[in-house]
Amino acid sequence: MEIRNILVWATLTAIVCVSAAAFYTPIAGAQQAKTVRVFHAGSLAVPLAEAESQFEALHPNMDVQRESMGSVKAIRQITDVGKRADVLASADYSLIPGMMYPEYADWYVRFATNDMVLAYNPEKSKYAAEITPDNWYELLRKGGVVFGFSNPNLDPCGYRSLMVMQLAELYYNDSKIFDDLVLNNTAITISEDADGTFLMTVPEDPKPNTEKVSIRPKSVELVALVEEGGLDYAFEYRSVAVQHNLAFVDLPEQIDLSRIEYADTYRKVKVQTADGKTKTGKPIVYGITVPKNAENPDMGLEFVKFVIGDAGQKIFADMGQPPIVPPEGSGNVPEELKGLVQLELVEPTPTPTPTPAPTPAPKEPGFEAGFAIAGILAIVYLALRRGKG
Amino acid sequence: MEELKRENVYVISISLGLVLVAFVFITLGNMYYKQVEDFSGLIDAVTDPVVLEAIWISISAAVCSTLIAFLFGVPLAYFLARKEFMGKSVIEGIVDIPLMIPHIVAGIALYGVFMRYGLIGAPLRKLGIVITDAYPGIVVAMLFMSFPYLVDTVREGFKEVDPRLENVARSLGASHWRTFREITFPLAFPSILSGAILSWGRAISEFSAVLIIAYHPISAPILIYEKFTSFGLRASRPISVLLISICLVIFIVLRMIGKRSRKK
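As they're listed, the protein sequences go chains W and E. So in numbering that gives the first Met the number 0, the last one in the first sequence is 388, and the numbering has no gaps at all. So in numbering that gives the first Met the number 0, the last one in the second sequence is 263, and the numbering has no gaps at all.
In case anyone wonders, no lab produced these hints; they're calculated from the structure. Computed from a prediction, not measured in an experiment: that's the story for all the values here. A few of these clues could be false.
[Unchecked claim] Sample of chain W residues at the chain E side, in silico, Cβ under 10 Å:
hint : residue
1    : Pro121
2    : Lys123
3    : Ala127
4    : Thr196
5    : Thr200
6    : Glu210
7    : Ile214
8    : Leu224
9    : Glu227
10   : Leu336
Don't be surprised by glycine CBs; every beta carbon is placed ideally from N, CA and C.
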């Protein structure tokens, strides 16, 4: 091939790459819808996607951009990495006061719950026709039945599954449930403390006996295995089972980690994961707030209003994440929300004056593009010169 | 002038080509450099039996997968290189499908076939062979994702062997099998080795499909992911560095063997 041809090809490649990059990079100063950036827990992805489309239909000039990740990671993005979000929704409401107060937030609203269920496939799971909230632990013990939970070291749903199995021992008054299901089939251990609490310890490799117990990193991966029929039962969040159309055993409230009323019962079980951290059983309640460093706090608040309002409540009910009605506010709840929530009767923690968030420098209008164009011109110039020579 | 021009082509090709080499070198070099700063972390990884076992599982399963791909892939590649027939492009398309489907999709599909009630899994289980959540599952996932590299490379290698050489051998009385063994195979060997290396490398790195079909026993990419998720970069990087170093050594040695066989 002639050098000239090569150079022409190189030029074409460069043009394609640069125009593709330019197409996907928002140009500074262009007219854009106002964005509402939402960081949220992975388990809120489905209802919030629905909320997003309804919200955008109501407010055509607003563009909701969601980022889905673990709750702790979402908060760290704000507190450690320094990213700015207009709304933060966490799968564990206590993380907001725990990790964000007072510098990054001073209020939150508890607006929805979730709980643990035992999901199965009515057509393929063994004993699916017989299973009830009263006999599930008997059926899981039977030979040939394979069940699964996610890795407690990687997924909160995993350590909550362990909590459910230990709470079941207390609730059904059968001290062998955890032993038969977990202790004898994995490297996970348990010890009873003097104060009547139980501590389960998960080693780095839980080493499941895979003929009986399947472990996967995240609980949603178990869904596929149950759908295929390779797994008879899997511990899942109610929301996951509902959203994936799986049948499920609705476990008793005393063990399913759903009710604030049973918080004292749930507290009796603890799980120590491989990183040395101990998680204590508590109700699964979602919290939402507008972080103090939000770029568009007004629009963030508007989205929160929508999510905790009537329309949002309906979405969450349909998606298997029962809404809290009325939502419960805590801390220094903004005036606009006070009509929508029931305020907690606790003195709000005094908050120091917020540190002014540094205004970000406006993005330099694409110096990379300039670079690329200069490169192309150079190549073209060379090609032309070559052609002449 | 003509000579100068040819040199110029080399100058251009090396300067453009170096961009890609630098791309890899900088990325991995940066990782190695950071690891050197945390040398004790690397020592911990090298002496951790869990890490060594995971790396061993990955490397050995990839060898199994490559051997199986070799056993079935070389004949397929030979046939595809030599014969024209109806539906050939369909077969070639099917062979290449694993290259384009998302790995997680492949994993779920494999799980459906190889699990206890699956089309292949059920009869195998009767024979006492369990695929899912077991070592064979890792091999199955690796094989599915990596054999096209072997078949495609080897097919091109066979195509480059001049059929006239084969005809000469056969006209001198050699059987078809002997011609293949003594003429075609040795001449295509560099491509075969190259295809096997590519397929082996691809197999080692497979993560998503393995994760669905056989999370346990834990192979190296899964261990790296787990460490990263629960302990962060500091814990996962030494394992990555170790795995890459071992693979790099194996790669270079195999390429050197390939070169020597080419010289012969």
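Provide an ascending list of the numbers of those earlier hints which the structure does not satisfy. 1, 3, 4, 5, 10
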